[in-house]
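Chains as they are written, first to last, in the working numbering: chain A, 7 to 117; chain B, 62 to 176.
Calculated from the structure, these hints are not laboratory results. Hints are supplied without guarantee of correctness; some may be wrong.
Derived, one-sided and incomplete: chain B residues facing chain A with beta-carbon distance under 7 Å [said to hold, decoys possible]:
#1 Gly-117
#2 Asn-120
#3 Ser-147
#4 Ala-148
#5 Leu-151
#6 Gly-164
#7 Phe-167
#8 Gly-168
#9 Ser-169
Remember, it's a predicted structure, so these values are computed and weren't measured experimentally. The beta carbon of each residue, even a glycine, is placed where N, CA and C say it ideally should be.
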Amino acid sequence: DQQVKQNSPSLSVQEGRISILNCDYTNSMFDYFLWYKKYPAEGPTFLISISSIKDKNEDGRFTVFLNKSAKHLSLHIVPSQPGDSAVYFCAASRGADGLTFGKGTHLIIQP
Amino acid sequence: ETGVTQSPTHLIKTRGQQVTLRCSSQSGHNTVSWYQQALGQGPQFIFQYYREEENGRGNFPPRFSGLQFPNYSSELNVNALELDDSALYLCASSGDGGPYNYGYTFGSGTRLTVV
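Just chain B, same shape as in the assembly:
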């Protein structure tokens, strides 16, 4: 499978609820990372997984958690949603050759609105 696909594309949740966002990475890409992009801002790094283990985390609270599966899919879970969690959530993957020659491949994102 080529490219990175994310689901759903749009989502509306109520404050205090929990949400799971899904990502299907490009086949062979063992590194997956998640980013939050607020309106008018650049993407902010949430965390990164390599071969199903978290190996990097940005400045996000523990209520942001993730999983990576052997079939190159991954999840971002957010508990106790807050209004400020409203943003575009981007999934990105890269192969073992490293992201620097070919960059991370990003999905089109999930637009989350918390009301």
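Only chain A is shown next, with the shape it has when bound in the complex:
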């Protein structure tokens, strides 16, 4: 039973445009949500997080939106740059239960 779902295995976006990565979850007890970026042969790198009591968090080019009623969050990257090409993982947390990850979305930024 997948509690965190990323339904798009891949996404292709033109350089300079907005990238929107989506994530759905089923467990209403999750209290924090995080986005990680992963390059091949490297560990995941933390990008941005959001508490379940907020609906938006912004950090530079990255913004995460949380819709609790829909159990949906999204990561917006604007403008998209070639270095953003990577696999992006959505993760959710509940206390000391560790992070529950989605399967990831491979973002490809085209010149």
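Dock chain B against chain A, hints included.
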């Protein structure tokens, strides 16, 4: 020491054997957790240690065990290896300020192949 380092980077073991994977956490990070990432999947939580005590565990059998040491290093031990244990094993650490502002810091992982 900055960052999280894991050793070895690659390992091949035979079914039924035992393996120990090692992780050196960032100095000052009292929380360490381990994840298993199978091919094409997201990382799955194995367990978490805080100040040398296990304080969280995912859906993994007891043959997966761990230790955390005072010098910010830790180990993941897997007994009676099975073919399905073949995966990338990731170690992650965070400070007492919590992982949510700065996230967990992940190592590059150990690729374990069981044959």
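Worksheet entry | Hint numbers not upheld by this structure, sorted from lowest to highest | Violated hints: 2, 3 and 4; rest satisfied.
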